[in-house]
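Asker: Can you make the complete structure from the sequences, with help from the hints?
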Amino acid sequence: MKTDHHVILRVVAKPLIPIISLFALYVHFHGDYSPGGGFQAGVIIAVAVILYSLIFGITPAMKAVPPWFARSLSALGFIIFGAVGVWALMMGGNYLDYDALFNEEPGGHYGQHYGILFVELGVLFAVAGSMLSIFYAFAGRVTEIKDEDW
Amino acid sequence: MTGYEGADLAIALINVVLLGLLFVIGVAIARMRSLFAIVMLSGVYSLISATWFVALDAVDVAFTEAAVGAGISTALLLGAMLLTSRTAKPEPRAMRIVPLFAVIAVGCMLVYATIDLPAFGDPDSPANTYVGTAYLERTPEDIGVPNIVTAVLASYRGFDTLGETGVVFAAALSVILLLGFGERSLSASLRKKTDKKG
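From first to last, the protein sequence lines stand for chains U and C.
Taking the UniProt record's numbering, the leading residue of the first sequence gets 1, the next gets one more, and so forth.
Taking the UniProt record's numbering, the leading residue of the second sequence gets 1, the next gets one more, and so forth.
Hints are supplied without guarantee of correctness; some may be wrong.
With a cut-off of at most 30 Å between alpha-carbon atoms, the simulated DSS-like pairs for lysine-lysine come out as follows [unchecked claim]:
# : chain 1 : residue 1 : chain 2 : residue 2
1 : U       : K63       : C       : K193
2 : C       : K89       : U       : K14
3 : U       : K63       : U       : K14
For the record, the hints were derived by calculation from the structure and aren't laboratory data.
Answerer: What follows is the structure, given as structure tokens:
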């Protein structure tokens, strides 16, 4: 019979992981009103996946969130950030000038709101992907973490 | 500072307790040899400094410190620790004098430097007069976002944040290039396995 010493750990961690991810989204979309933003949200999402891989093993985590996905996510985030700047350029403004995004009247704040949201989304993707890639690069060198290793 | 009598004393007490805890943990980390305990204690160190940042009203910094310092760095250091031995090499007693002197000298310099700093929360300090007040005054009409930290980070200083995102991306890229893609990495062997099956 296979003995599993970590039943309690697994049972406790399983419901926590979706809540952690949900909290990351809250931190991102509520960043305009409360402390937080894309960077913190990205780190929290990465932590949720890392917690999963620490408890259930690195191989299932790599199946759930493949390393190529983490790498692409990181690049995609950086591209989104740059693209918002190019969008502002196309609309006739300066690079990263969110007021120009929707060509609105002076005093309107839609451009600023959505500009900040998109840019922070880019930061979220870049940070989450980067942190996860770095963790995979370190943890992927050992095939399995045994109990005696701690 | 505020409200009722003894508030100043309470805040001072909290500061002393938190900083005292940080000092104890710092000494413990310096004296320890087990890498696992050191990684865990540095996570605790980050968490306590995050608490202290909350006491200083720097909520955004505290949040980042808790997420990055206590969360991701601890996990990354654990991952790195698995690749090496579990205990640090003991150093000869005579060699320990040099770092001690270095720490004391740097500490003296820092204490000397703090004498010139403006008092905490001083409205006339340089940080609270020039550009800081301008941001506070102009954010509601310029950006329309209640959290001024977000407004400064993402809008006023958008180029800075773009550069920071680039730095994070470059750091991940270099780690991947140094460690990740090779034959020995787990992701490569996983990919091979699925290729054989499919």
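Asker: If a hint holds in the structure, say so; if it doesn't, say that too.
Answerer: Verification of the hints:
no. : hint              : result
1   : K63/U with K193/C : 12 Å, holds
2   : K89/C with K14/U  : 38 Å, violated
3   : K63/U with K14/U  : 17 Å, holds
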